[in-house]
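A.B. asks: Here is how the chains run, residue by residue.
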Amino acid sequence: MAVQVQQKRTALTGNYAVAEAVKLADVDVIAAYPITPQTTIVEKLAEYVADGIIDAEYIPVESEHSAISACLGASLAGARTFTATASQGLALMHEILFITSVLRAPVVMAIANRSLSAPLSIWNDHSDSMAERDTGWIQIWAANAQEVFDSVLQAYRIAEDRDVLLPVMVNLDGYILSHTVEPVLVPEKKLVEEYLPPKPLWNRLSVKTAYTLGVVGPPEYYFEMKYQAIDAIERSRSKIKEADEVYGEMFGRSYGVMEHHFMDDAEVALIAMGSVAETAYTAIKRWRERGAKVGFVRIRVFRPFPAEELRDLLKGLKVIGILDRATSPGSLGGPAFAEVSTIFVNERQRPLVKNYIAGLGGRDVPFSGFDYMIQRLLEAAEKEEVDVLCEYVGLRE
Amino acid sequence: MMLEIRWHGRGGQGAVTAAELLAKAAIAEGLWAQAFPAFGPERRGAPVLAFTRISNNPIKMRVQVYEPDIVVVLDPSLIGVVNIGEGLKQGGVAIVNSAKDPAEFRRIFPSASKIFSVDATKIALEELKVPIVNTAMLGAATKAIDAIPLERVEEAVRERFGSRIGERNVRAVRRAHREARLWESG
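Chains A and B, in that order, give the protein sequences. Per my numbering: the first sequence ends with 404, consecutive numbering throughout. Per my numbering: the second sequence ends with 187, consecutive numbering throughout.
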C-alpha cells in the first residue's frame with residue numbers, strides 16, 4: 008500500500024504504544040487500577056493527564072471492578088473512555104463486562120495478557136481474556152507493538168459505530184509485547200481525528216435526552232435485550248473489516264480478522280494467536296524452505312469469531328493444529344481449539360484437528376517447540392490419523 | 002543480519018536501560034530492533050538480564066535469547082555467580098567492565114573471538130560521579146556493532162537523560178568507546 012502520510016518512527020514498548028494511541032484518540036475519561044504487566048500503560052496516561060497533554064478525567068479508582076464501572080458510567084454519559092488491566096484485575100471486572108456489552112457502552116480496554124493464580128504468576132498466557140470470551144466484548148489480539156497501536160485506534164472506530172456500540176478489548180501479551188521496545192509508526196493527530204468518529208458521542212447525556220439505563224429485565228424483556236447485543240456483535244463483522252480497510256487506506260497498515268501465509272498448496276496448517284504467532288510464522292517459513300507443505304494462520308479477531316473466513320481457508324487441508332496459550336480444564340482441549348473445531352461441525356469433508364497447549368504462565372515457546380508441533384502435524388497427515396488430540400508442548404514430566 | 006545481545010547487570014545498574022537505548026539507536030538508524038528485560042519483578046542488587054535484537058529486516062520471533070552474538074557484563078562481580086559465557090556463539094564478542102586485560106577473560110568466554118575490557122566503573126565515577134555504568138558499557142558495546150554509528154547511541158542517550166545529565170552520559174559513552182581494550186583470537 009502506497010500511503011503518503013507523515014508518521015514518526017518511534018521506539019516504544021507495547022504498553023507505551025497503547026498510551027500513545029489513547030492520547031491520539033483524545034479520550035475523555037480514563038479510570039484504571041495498576042497491575043503488572045499493565046502498569047506502565049496507566050502510569051504514562053496518568054502522566055499525560057497530569058501534564059495537560061491529554062484533556063481527560065483520570066479516575067484513580069480503588070479496584071478494577073470500579074475502573075470498569077467508572078468507564079461504563081462515563082461511556083453511557085457520552086464520554087470516550089479507556090481502561091486497561093490484566094489477569095486477576097480482569098477477573099475482578101468479570102460481572103461488569105456483561106453489563107458493559109448489553110448496555111452497549113463503547114468502552115475500549117487494553118489487556119496486557121497474564122496468567123491467573125494459582126500459583127501466583129505475573130507472566131504471560133491467554134487465560135485472562137479467554138475466560139471473558141462470552142461476555143459480549145469484541146476481542147482483538149495483536150502480534151506486535153505496531154499492531155497494538157493500530158488496533159487501539161481501530162477499536163474506537165469499531166466500538167463507537169452506531170451499528171455496533173459494543174466494548175472492545177485489545178489484547179497484547181504481557182512482557183513479550185508490553186515490555187519490549189520496538190519500532191512503531193505513529194501518525195499525526197490530525198489524521199487520527201479524521202479516522203475516528205466525531206465527538207461528542209451520540210449519546211451525550213443531557214436533561215433533554217434523559218433516559219434510564221441499567222433497568223431490570225424481567226423474563227418478558229431480558230431475552231430480547233440480550234439478543235440485541237448478540238445481533239450487534241454479528242453486525243460488527245462488516246464494521247471491523249471496514250475499520251481495518253479504511254485504516255489501511257489512511258495509514259498504510261491493515262491486518263484483516265485473520266492473517267495467513269503459505270496456504271495455497273498447504274496440506275497442514277498451524278493456527279496461533281498473539282505474539283507467539285510471529286515465532287510460529289518464522290518456524291513455518293523455515294519448514295517451507297525445506298519443502299514441507301505447511302501453512303500459517305493467525306486469528307486476530309477472536310470475537311466475533313471469523314468462522315466463515317476460516318472455513319473457506321482451511322477446508323481443503325488434511326490436518327489443522329491449533330495452539331492455545333490457555334486451557335479449559337476438563338474439556339477436549341483449549342478454547343481456540345474448541346472454537347476452530349466447531350466450524351466444520353456440519354461439513355462432510357473436513358480436516359483432522361489437533362490441539363497444542365504451550366506457553367502457560369510465561370513458559371517460553373522456542374523454535375524447537377514449533378518444530379515438534381509442525382513435525383507432528385506432518386506425521387498425522389501422512390498417517391491420516393491424529394493419535395493424541397491434545398498435546399502439552401514444553402511441559403516437564 | 003541478526004544480532005542478539007545479552008546484557009548482564011545487577012538491579013539498579015541500568016542494564017535494561019542500556020538494552021533499550023541500543024534498540025532506540027538501531028531504530029533511529031532505520032534498522033529493526035527489540036529490547037526486553039528478562040521478564041519478572043525487579044530487585045536492586047540482584048543479578049538481572051536484558052536483551053537487544055537488531056536486524057535489517059522486521060524481526061518475526063518472540064523467543065528468549067539462547068545463543069547471543071554479544072555478551073555485555075556491567076558488573077564483574079557477577080563472574081562466577083552467574084554463567085555469563087553461557088550460550089555465547091562460536092566467534093562471538095564479550096565486553097566486560099573491568100580494569101583487567103581483556104585476555105584474562107578468555108577462559109570465561111571460550112567461544113569468543115573478541116573480548117573487550119573497559120574500566121566503566123572508573124569512567125562512570127569520573128563523568129557521572131555515581132557508579133552507574135550502563136551508558137559507558139553501551140559505548141563500549143557499540144564497538145562490536147558496525148551497523149550502528151556512535152552518534153545514534155549518543156542521540157538516544159541525550160534523549161533519555163535530557164541535556165545536562167545527558168551530556169555527562171555522552172561523555173561516558175565516548176570515553177568507554179575510546180578506552181575499551183581489545184583481545185582478538187588467532
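There may be inaccurate statements among the hints.
Claimed, not checked - To spell it out: a stretch of chain B is covered by chain A in this simulated footprint if at least three of its residues, at any positions, have a beta carbon under 8 Å from a beta carbon of chain A; those stretches are: (1) 21-30; (2) 37-50; (3) 62-69.
Derived from the structure by calculation, the hints contain no laboratory data. The structure displayed is predicted, hence computed values, not measured ones. By construction, the Cβ of each residue, glycine as well, lies at the ideal position given by its N, Cα and C atoms.
A.B. asks: Hints first: check each against the structure and report whether it holds.
C.D. replies: Structure-based check of each hint:
Counting residues of the region 21-30 of chain B whose CB lies closer than 8 Å to any CB of chain A gives 5, so the stated coverage by that chain holds, three being the minimum. Note: the region 37-50 of chain B has 5 residues with beta-carbon separation from chain A under 8 Å; the three-residue rule is met and the coverage holds. Proximity of the region 62-69 of chain B to chain A, defined as three or more residues with a beta carbon under 8 Å from a beta carbon of that chain, is established by the 5 residues found.
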